[in-house]
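Undergrad: Protein chains in written order, with my numbering: chain A, 1198 to 1670; chain B, 338 to 801.
These aren't lab readings, by the way, just hints derived from the structure by calculation.
As the structure is a computational prediction, the values presented were derived from the model and not from experiment.
Ideal Cβ placement from N, Cα and C applies to all residues, glycine included.
One or more hints might be untrue.
Below, a list of computed lysine-lysine pairs in the DSS-like style, where the Cα atoms sit at most 30 angstroms apart [what the hints assert, rightly or not]:
(1) K547(B) - K433(B)
(2) K1525(A) - K547(B)
(3) K689(B) - K1384(A)
Quick partial rundown of chain B residues pointing at chain A, CB under 10 angstroms, derived from the structure [said to hold, decoys possible]:
(4) I440
(5) S646
(6) R695
Chain A residues, not near chain B, derived (Cβ > 12 angstroms throughout) [said to hold, decoys possible]:
(7) E1253
(8) R1283
(9) K1384
(10) A1426
(11) A1461
(12) D1471
(13) A1572
(14) S1642
(15) F1662
(16) P1668
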Amino acid sequence: MTTTRLTVLAAALAGLLTAPSPGLAAEKKPLPRELPPFGVDRPLPVPELVRYTTPEGLTVWLVPRAGFPKLTAVLAVRGGSAADPRGAEGLSELLAATLDEGTATRTARQIAEALQAVGGSLAAVAGTDAITLTADGLASGAERVLEVLGDVALNAAFPPAEVALARANALQGLQARASTPEFLAEKAFGAAVYGDHPYRTVAPEPAVLEAATPAQLEAEHARRFRPDAALLVVTGAFDQVAVRTAIGRAFGGWKAAGAPVAEAPPSPPARARDLVFVARPGSVQSNLVVGRPGPRLTDPDYFAIMVANAVYGGGFASRLTENIREDKGYTYSPDSSFATRRQGGLLQVEAQVRNEVTAAALLEIFYELDRMGTADVPADELRTAQRLETGLYLYRNQLQASQARQLASLWVKGAPPEFLGEYVPRINAVTAAQVRAAGRALFASERQTVVVVGDESVRAALEQFGPVRSPGP
Amino acid sequence: MVLAVSLAISLAVAAPAAPAEAAAPEVATAPSWRLPVSVKRLSNGLTVVVSPDRSSPTFGISTVYRIGFRLEPKGRSGFAHLFEHMMFEGTPRSPKGTLMRVIQGGGGILNGSTSHDFTNYVATAPVSALDAILWLEADRMRGLDFSAKNLENQRDVVKEEIRVNVLNRPYGLFFWTDVAATAFDRWENAHDGYGSFADLDAASVGEVRKFFDTYYAPSNAVIGIAGDVEPREVFAKVERYFGALPPRRAPARPDVRERPNTAERWLQQEDPLAQVPGLAVGFKLPGGRDRDHVAAAVLGEVLAGGNASRLYLELVKGQELLLQVEGGANWPLGSPWEVEGPTLMTFFALYKPTTDARAVVTALDEVVGRIAREGVPAGELARVKTKLESDLYSSWEQPIGRADALAVAQLFTGDAASLNTLPARIRAVSSDDLRRVASTSLTAANRTVVDRRPAPAAAATPAR
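Assemble the whole structure, with the sequences as input and the hints as a guide.
TA: This is the structure in structure tokens:
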């Protein structure tokens, strides 16, 4: 067992110390003279991370916190949708949905009621690289939370009647989802960006669900849920000794069988500009998605990319929001993100705009993308983006559940928990030159995949940006 | 910059009935989580609530004004929300963009939202930004940049928001707007808080200014601050930045009370974007000040609070009529604790094409009727109340949520500390209380149903 000082919060200080400099918006109007300067930040309490491995081989990270009288336990296991068997792509979604539908000794209802009684709940989510189970409850119910989580992880039973209903409902759910523009956009974007790579899967095809059986789910459960390929994170106001005992009891005797899940191949490189149009007759808005694959979380360029993304489209003060929302009123909530998966990252810019400004909005999105690589970000804009990024980080870490999920996510992507503590100083160390280099490497508009979901009438105007194709099979 | 609606059409995957109630799980009891509360009222009528918490050198702030959909002028539907957007567009002293640049540059985040009875402006940041953020809040309480250009720009942004959330989306929030429009009798409660495009287009700069003068008076506002702060120090700062704002009379409040309905109301709709039929059932509730409101919140949780709830276990699982169900008291516009005037207990479900809305309503009626007759067994009631209390604490976990809850409690009751009595009031709800609410409010006569079925595929124009 080792104890690591998580310097997350303490380190955040460095980034948040300074007063708003008079030139914060040098290229805009100066700040009001009467505006009081930022004060001096106070030192932050440093949370402790306790790490150990159980005799079964399960990795455990504990983060005790004071105050808020609840706890969150997250169990991540390797093998998400990218590990689904060929021909059963997207099955993970059904696997996650049926995990809590019964164990060897508990019915679905008993699972739900046991957690309700401690003010908690259980949720399972299938990502691309892992399945994540999150259980929470009042701190006074810590033992129950862990006991139920362990039972589901070790003994999920996939009762045939439950699987049949889940399958039927998932099929209907798929049908309901199919009409949302977001789903259409996501599907077309995944296919265009990833080609044959397993990261292309956004949801199972109906045939996958129709063919799914309890035996298949059991086999996938056995393959993925094993102590040597799992991490348990617990955060909250708990008693460490009691929680360790409860973990020992809940996960005792857990055994691995067979071969573990194989690594997915590296995420593919970006392609030349590709314009995909998905017709949605009668749509009163166009959904625009622009993006491309990028490096992993563990890549040295990661931090510069995060800062570049904050400058480009993070928050209300970003270039994209100022341009297409505040200046032109084209859209309500434009957004850009750089998300990472185990085998690579993904830059994704999204906006929903009214039909008649579809091409105009895309032009501005491209313009702002290309600006990232053509000029240095002014010093004050860079500081604002860094403070925003570090402030968001601090904000997220106020939530015990969010901190637990972030730690689990680091593990899934192959980064150590210390990454949390390094985040703020490394964001603050990013230079304008690095942002510009990231801008050239990742943001250039000529290397982006573009998906537009909208009424047929908006398609013609998109041709000015290059040949427009329909989504592939 | 959003309406306080956040819900996903997440299709819960469900499976068949579980055996009848098994050995009752032991129910956890938590010591109540008490929030320290200090309150001060300035001479201009502005009230400040402070709740210190030294665990992290950050703070959350919520400035709450008593103006929501319910109080906006007739013929100007959507005005409260449009105005909320205008509050981010700059002032004579701090031009457009300053607010975002300073708050985000201070490592903070900000937002605003509009609901029935109030509009709030929230921010959170390291405590080093407290002075700057208080100055900015005072600055926009003093006056805005009432320009035609800003109004035009935000009108466009709001219309895009409506297209995203209503016009271009299956189900288009009908379980809020259309249920309220059908269930309520007074315009104040019934009209669409997003507003009609015609009303939004008709709004003038003069009206924006008048709206500000009327509703954004210091005496019509409460500021909540939670985090690494000392009440005395905050009171002094608030006095410094807000003390000079001239007092204005708080606006008169319209009578918004409603009587229970006397016959079922039923609205049939077609949705060209939906693939699966949906239905929403709303029951009128007297509102947050009613003595049975906490019991109504518990009843909503018994019926629709997650996978251990009755509607889920009986209609999604047992009878397999529904794909999913969600709802409760004051759903979907907030928690039961965020409403003062009349509201609804609403349930929204996607149902299977093999059944119909009448059958679903009948099944719902049976579930409710059983509670009206028999109440709820002690074990189940204890579990549900524990969950509700636990969820309440979750809403207070971050200083920004705590600040907002305290400010809203102060605005509604004049006593922010009353928030600390809520856990005990939840625990005190009895089976008889649930019977009473079920038999007086969740009746067939007081029921409004909106049945929304997929339109034939040929139709191409979204509803509404």
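Undergrad: Determine for every hint whether it applies to the structure shown.
TA: Status of each hint after checking the structure:
| no. | hint | result |
| --- | --- | --- |
| 1 | K547(B) - K433(B) | holds, 20 angstroms |
| 2 | K1525(A) - K547(B) | holds, 26 angstroms |
| 3 | K689(B) - K1384(A) | holds, 25 angstroms |
| 4 | I440 | holds, 8 angstroms |
| 5 | S646 | holds, 9 angstroms |
| 6 | R695 | violated, 20 angstroms |
| 7 | E1253 | holds, 26 angstroms |
| 8 | R1283 | holds, 23 angstroms |
| 9 | K1384 | holds, 15 angstroms |
| 10 | A1426 | holds, 25 angstroms |
| 11 | A1461 | holds, 25 angstroms |
| 12 | D1471 | holds, 24 angstroms |
| 13 | A1572 | holds, 19 angstroms |
| 14 | S1642 | holds, 23 angstroms |
| 15 | F1662 | holds, 22 angstroms |
| 16 | P1668 | holds, 19 angstroms |
In this structure, only the earlier hint numbered 6 is contradicted, and the remaining ones agree with it.
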